[in-house]
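Here the structure of chain A is known, so what remains is to put chain H in place on it, guided by the hints.
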Amino acid sequence: EAGVTQFPSHSVIEKGQTVTLRCDPISGHDNLYWYRRVMGKEIKFLLHFVKESKQDESGMPNNRFLAERTGGTYSTLKVQPAELEDSGVYFCASSQQAGRGGYTFGSGTRLTVV
Amino acid sequence: DQQVKQNSPSLSVQEGRISILNCDYTNSMFDYFLWYKKYPAEGPTFLISISSIKDKNEDGRFTVFLNKSAKHLSLHIVPSQPGDSAVYFCAAIPGNNNDMRFGAGTRLTVKP
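Quick mapping for you: the protein sequence lines, in order, are chains A and H.
Residues 1 to 114 (the numbering used here) make up the first sequence, in order.
Residues 115 to 226 (the numbering used here) make up the second sequence, in order.
Just chain A, with the same shape it has in the complex (with noise of 0.2 Å):
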């Protein structure tokens, strides 16, 4: 069974710029999350899809994220336009089941932006 991907692994860009992330879960995962990690802090929730649709989006941190998850297989993560203070690791998680038990990591897309 594949596990969770995240693309890029590595991107760095100007301020302003714009970067979209990607994130394909576990086949037949309904929940997929986004966290972030900024500079070895907490790893902050982001937002969570079941399926197509945003079942929660409080950690989103103001417009400039734009998160979808089209058909309900793989998601986005679009930072329109970046600041220096969304340089973090991006992850994205998915599991079966909501809320209890482990869910699945990818590992991470190191965001710089300079």
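One or more of the hints may lead you astray.
[Claimed, not checked] Restricting the straight-line Cα-Cα distance to at most 16 Å, the calculated cross-link-like pairs of lysine to aspartate or glutamate (EDC-like) are: (1) H:Lys185 / H:Asp138; (2) A:Lys78 / A:Asp24; (3) A:Lys54 / A:Glu85; (4) A:Lys44 / H:Asp213; (5) A:Lys54 / H:Asp213; (6) A:Lys44 / A:Asp56.
[Stated by the list, open to error] Label pairs and their in silico Cβ distance ranges: (7) H:Glu172 / A:Lys15: 42 to 52 Å; (8) A:Met39 / H:His186: 36 to 46 Å; (9) A:Leu66 / H:Pro196: 40 to 50 Å; (10) A:Ala2 / H:Tyr153: 11 to 21 Å; (11) H:Asn210 / A:Gly3: 38 to 48 Å; (12) A:Thr70 / H:Arg131: 27 to 37 Å; (13) H:Glu156 / A:Gly72: 21 to 31 Å; (14) A:Thr5 / H:Gly209: 27 to 37 Å; (15) H:Gly130 / A:Gly16: 50 to 60 Å; (16) H:Ile132 / A:Lys15: 45 to 55 Å; (17) H:Lys119 / A:Thr70: 29 to 39 Å; (18) H:Glu172 / A:Thr112: 26 to 36 Å.
It is worth saying that the hints were derived from the structure and are not from the lab.
From the three backbone atoms N, C-alpha and C, an ideal C-beta is built for every residue, glycine too.
Frame of chain A, contents of chain H only:
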């Protein structure tokens, strides 16, 4: 605000000894707790969990203890092995939603 706290950024132990990683939380709505392990350049991997109706859960060398009154949990690894060297994240989920909250992580180094 940080609802899950891991106050020790790092811990170093000798191979064969016990590793104890600590975690405190502030949100009394948390009712499910997890530990994740993370190697460099990889995503966190689920390790062990505990429900708030229990005070201990054991899985091989890993045991998680929960003290609800103190809002504290700990992960015990015994005996520690060099392959256990990683960053360990404590996480918690409230009963009223599914938003998992993580601590900042503790880097464990097990020396041969």
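**Message:** So, against the hints stated earlier in the document, which numbers end up violated here?
**Reply:** Result: hints 3, 8, 11, 12, 18 break, sorted rising.
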